[in-house]
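In the order they appear, the protein sequences are chains A and B.
Here the first sequence is numbered in our numbering, starting from 464 and rising by one per residue.
Here the second sequence is numbered in our numbering, starting from 464 and rising by one per residue.
What the hints contain is simulated information worked out from the structure, not anything from laboratory work.
Take these hints with a grain of salt, some might be off.
Copies of the same chain are indistinguishable here, so a pair counts whether it falls within one copy or spans any two.
Below, computed lysine to any residue pairings styled on SDA-like, alpha-carbon distance capped at 25 angstroms [what the hints assert, rightly or not]:
no.: 1; residue 1: 708; residue 2: 681
no.: 2; residue 1: 708; residue 2: 675
no.: 3; residue 1: 676; residue 2: 620
no.: 4; residue 1: 708; residue 2: 538
no.: 5; residue 1: 708; residue 2: 513
no.: 6; residue 1: 676; residue 2: 602
no.: 7; residue 1: 676; residue 2: 609
no.: 8; residue 1: 716; residue 2: 647
no.: 9; residue 1: 716; residue 2: 540
no.: 10; residue 1: 708; residue 2: 603
Number of protein chains: 2
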Amino acid sequence: MSDTHVLDPNHDMSDPAEARRAFRTGAFTGNTAGIAPGYTQGNLAILPADLALDFMRFCQRNPKPCPIIGVSETGDPFLPTLGRDIDIRCDVPSYNVYRNGELDDEVTDISDLWRDDFVTFVLGCSYSFEQALVDGGVALRHWEEDLTVSMYCTNIETEVSGLFSGGTVVSMRPLTARNAIRAVEITSRFPHTHGSPVHLGDPSQIGIADISKPDWGDAQRIEADEIPVFWACGVTPQNAVRQAKPEICITHKPGSMLVTDLPSAFDSRLED
Amino acid sequence: MSDTHVLDPNHDMSDPAEARRAFRTGAFTGNTAGIAPGYTQGNLAILPADLALDFMRFCQRNPKPCPIIGVSETGDPFLPTLGRDIDIRCDVPSYNVYRNGELDDEVTDISDLWRDDFVTFVLGCSYSFEQALVDGGVALRHWEEDLTVSMYCTNIETEVSGLFSGGTVVSMRPLTARNAIRAVEITSRFPHTHGSPVHLGDPSQIGIADISKPDWGDAQRIEADEIPVFWACGVTPQNAVRQAKPEICITHKPGSMLVTDLPSAFDSRLED
């Protein structure tokens, strides 16, 4: 992953509040990987209030792909439980605007789209656990080779809630058996960033026909002594939203996440 | 805790579905401690849909006192994510009916009160982690002396959501230093049944003036070599509901819980 963006001369991108300032002003609109290391980043889904309870129930029933770390008051663009002065209308680098389930626009500010009935959901993402894996000695190929992690549709059905349903999307990391075991140990400590894997080994068991053809992200080489290890992925709720076809739904642009003030080891929040 | 109820001759009270059958028919209306050991029991809160999103946000923001383990569809009395054929209108031994924040009635069946806009919330309770403590060699005085655990109001404020607010209620178990450490280790593995303690030692630090006078439950002896250890308690959401004064709210009668089909070590659900 490129580190060039951390060299922004006007903002200290290692500080989450400073980084959000750069997003707010439009000075930075790109990928947040590597920004504010040590702080939790989150997936974003903004929905009208009449769908919010169903979506929140969907997340509660599917905690591995959809780990909720914060929810706004209805109509309130701020997220005080996730950080100081986070204005969700402008503090994410780039947004996708879906209308009736279809991507309609990509923007860097949603102030003119904001409505009094919007509810903001922030879901954990895998950046935190990937850092913990690397710190724990589990090298990640997509980090080493500057790729986007491979993601696949599967036949692992989610628990339905109202209009929200669909298959679980997974991310895949090729690991040796030893590292696969270590990775289960480490990621099981991060239930709010997808937790332990949902599968390892034979991809066909979860409905993946060709491991060399991911549905999103880049293909990754799998060495002879490695097995693919699969985690539930934050693309799952976006998939569910596309199936539900809400009149409007705003998400982050993939890779361009909400940077919060929560420490990466924020599963401690459960313990606060 | 008394085991007499497990001797019910017509129902195998060690099986959660059989036990619920005894509750459904009214054959058993008492305390569920000791029933269906190895299965998760839950606190109950039923609210009209117009308060459900606020209450669910309250729980998300206060996961230690309010760990959600299941939420029904709006108007649907069944809870398929928690067990087979659970009809929440009759499958809990006894219910409290609150109107405008005041206890109005105690009943053993709520079929005639059920409404199309009701949403059922089930929250984890401490029975699971207490069994794990005892299995881990941490003796519990209130088990040994057949008391109800001591509970106290504190000055630990909850995170507000809509009308829901108020102080955290805690339960207290007196432990030696060695057992207190072990208890932190064990309960931190149970984030969905209140997790690790919120405090230990000096009660005045959390606003408890007199440890010998609990607000609910029985007083417990604290030996010279013991310290009080405090966990967030499932009475907290009931307190918040009383503050919010909803037109109607139905809970379990304290001690008379929903018995689910989830294994007690159900925090594995996060990992399912």
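Results of checking the hints against the structure:
1. 708 <-> 681: neither (27 angstroms within a copy, 53 angstroms between copies)
2. 708 <-> 675: neither (30 angstroms within a copy, 57 angstroms between copies)
3. 676 <-> 620: within (21 angstroms within a copy, 51 angstroms between copies)
4. 708 <-> 538: Result: close both inside a copy and across copies, 21 angstroms intra and 23 angstroms inter.
5. 708 <-> 513: both (13 angstroms within a copy, 23 angstroms between copies)
6. 676 <-> 602: Close inside one copy (22 angstroms), not across copies (55 angstroms); limit 25 angstroms.
7. 676 <-> 609: For residue 676 and residue 609, only the intra-copy Cα distance (18 angstroms) is at most 25 angstroms; the inter-copy one is 61 angstroms.
8. 716 <-> 647: neither (29 angstroms within a copy, 40 angstroms between copies)
9. 716 <-> 540: within (18 angstroms within a copy, 38 angstroms between copies)
10. 708 <-> 603: neither (35 angstroms within a copy, 52 angstroms between copies)
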